[in-house]
Amino acid sequence: MRTLPDVTPTPEQLPIISRNRPGIEIIRGAAGSGKTTTALLRLQALTSSFVSRKRRESIEGPVRVLVVTYNRTLRGYISKLAERQIATTGDVELKISTFGRWAMTALRSPTMIENARRERIIQNYARGINLPSYFLLDEVEYVMGRFMPDDLELYLTVRRDGRGTSPRVERSIRESILNQIIHPYLEWKMREGLMDWNDLAVALAQETYAGPYDIVITDETQDLSANQIRAIRNHLAPQHSLTFVIDTAQRIYARGFTWTETGITVRPENIKQLTRNYRNTVEIARFAIPLIRGIPADDDFTVPDFTKCDRHGPTPKILKGRFRGQTDFVIRYIRDNVDLETESVAILHPLGGGWFSYIKSRFDETGLEYVDISREDEWPDGDENIAFSTLSSSKGLEFDHVFILGLDAQAMPNDMDEDYEQLVKLRRLLGMGIGRARGSIIIGCKAGAYRLLTYLDRDTFDEVNV
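All residue numbers for the sequence shown refer to numbering that gives the first Met the number 0, where the first residue is 0 and numbers rise by one.
Don't take each hint at face value.
In silico SDA-like pairs for lysine to any residue, Cα to Cα no more than 20 Å straight-line [to be verified]: (1) 94 - 44; (2) 271 - 307; (3) 424 - 132; (4) 316 - 331; (5) 316 - 407; (6) 271 - 13; (7) 319 - 461.
Simulated restraints, written as ranges between beta carbons of each label pair [as the list claims (entries may be wrong)]: (8) 153 - 114: 23 to 31 Å; (9) 155 - 293: 27 to 35 Å; (10) 9 - 189: 47 to 55 Å; (11) 174 - 133: 16 to 24 Å; (12) 356 - 156: 44 to 52 Å.
No lab work stands behind these hints: they were computed from the structure.
For every residue, glycine included, the Cβ atom is placed at its ideal position computed from N, Cα and C.
Starting from the given sequences, assemble the full structure and let the hints guide the process.
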């Protein structure tokens, strides 16, 4: 499976890469602006600088480097890129990991509560609170991830950064969430001797279990919680470089924090903004922009700008019809328009899993070779250049051609208020998926109106009945 080719730093990237002094750096930029590439080029320069310093000052031990990725798929992708750029000799100890895997290793694999059981327990405690269960699950995750256990009462009064405005969560509801769900859930975990993912972050924020790290880079920082940021900060060497790569326009999870509350001091000179879009064509960027236009924004939110794109390409397409017809179109399109020796293809769906069974069987019949990269630890080494993935697992990746198929009310519900947090999340998710495409983007949905597609500008795509 293809990854990014080796790149020459652009004039926009060079000042970021060449800043090798210790401290904090924040790299902002919209999808396709080269944030991850810039961070890896910066990692190469930082590693050389820190190795030279240790040799010069006769400091024993390797330069310890930690790269934290959003998910296992992105970890495999970045590992493949880093292998080409970072020489891991005795002078450098490089660890590339998701936060969860890093935390589990550092804490020696504590006994964890299964996610399904965790959700059932929380939903049981949530009975009587008149809000949808999926919203309450997200809200509980948000609260426990943002505040340390001794500070949970702050939730009653602070602004809910990173959450939408609907449904409204007044103080009385917040008190119910704390007293009826969160506190009983924390007590239950303690009785059972179990930990959840937030407990790992809290433990690492309170005590040092690994490192210390000289260089840390966190990719897709917008989907880390405040407690995870605190945990990373607690494992830094006295003299360190800490780089955050962030775009809150692409936030998927129930997160939200201010830098100050995590103990990070950010000054204007620490922030670098990437403005050019090196991935998408003008047509793809124009297609995606309406999905995130009007979404509540913060300082780390970057709106895509199609005027910053350098290339043109085919007009995006929306296929309307049954899944069989969408699949027929995709197979013809790949056969007629894609060079699988040199170009990559992504088949994306919000849920994945069984949703891919039919199209995989059709690909098998027609001899199209593929891999499934959802939640895989390693980036595939084979010659297959067609990848199946969930939308969320495709985050941070890029492909020449992207097909997002099978959109319907089951995969992406339609019955939500305009500013409902879940709808905002789905708009971000679809916009992010579109942004994976370098050359062409095609979306497939059932015939008839589909809620998310109403946000798109009719002049930016061609409609095809299949």
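Has the given pair, residue 271 with residue 307, been kept, meaning a C-alpha gap of at most 20 Å? Satisfied, since the Cα-Cα distance of roughly 17 Å is no more than 20 Å.
Take the C-alpha atoms of residue 316 and residue 407, compute the straight-line distance between them, and say whether it is at most 20 Å. Holds - the C-alpha atoms of residue 407 and residue 316 are around 17 Å apart, at most 20 Å.
For the pair supplied as a hint, residue 316 and residue 331, is the alpha-carbon distance within the 20 Å limit? 14 Å, holds
Kindly confirm whether 23 to 31 Å is satisfied by the beta carbon distance between residue 153 and residue 114. 26 Å, holds
Starting from residue 424, check that the Cα of residue 132 is at most 20 Å away, please. Holds, at roughly 16 Å.
Take a quick look at whether residue 94 and residue 44 sit within 20 Å of each other, Cα to Cα. 17 Å, holds
Cβ distance range 16 to 24 Å for residue 174 and residue 133, holds or violated: With a Cβ separation near 21 Å, residue 174 and residue 133 satisfy 16 to 24 Å, so the hint holds.
Take a quick look at whether residue 271 and residue 13 sit within 20 Å of each other, Cα to Cα. Roughly 11 Å separates the two Cα atoms, so the pair holds.
I want to verify a distance hint. Is the separation of the beta carbons of residue 9 and residue 189 within 47 to 55 Å? At 52 Å between Cβs, range holds.
Satisfaction of the hinted span 44 to 52 Å by the C-beta atoms belonging to residue 356 and residue 156: 49 Å, holds
Given pair status - residue 461, residue 319, alpha carbons within 20 Å: With Cα atoms ~11 Å apart, residue 319 and residue 461 stay inside 20 Å; holds.
Is 27 to 35 Å respected by the C-beta to C-beta distance linking residue 155 and residue 293? Holds, at about 29 Å.
Violation of the numbered hints given earlier is absent; every hint is satisfied by the structure.
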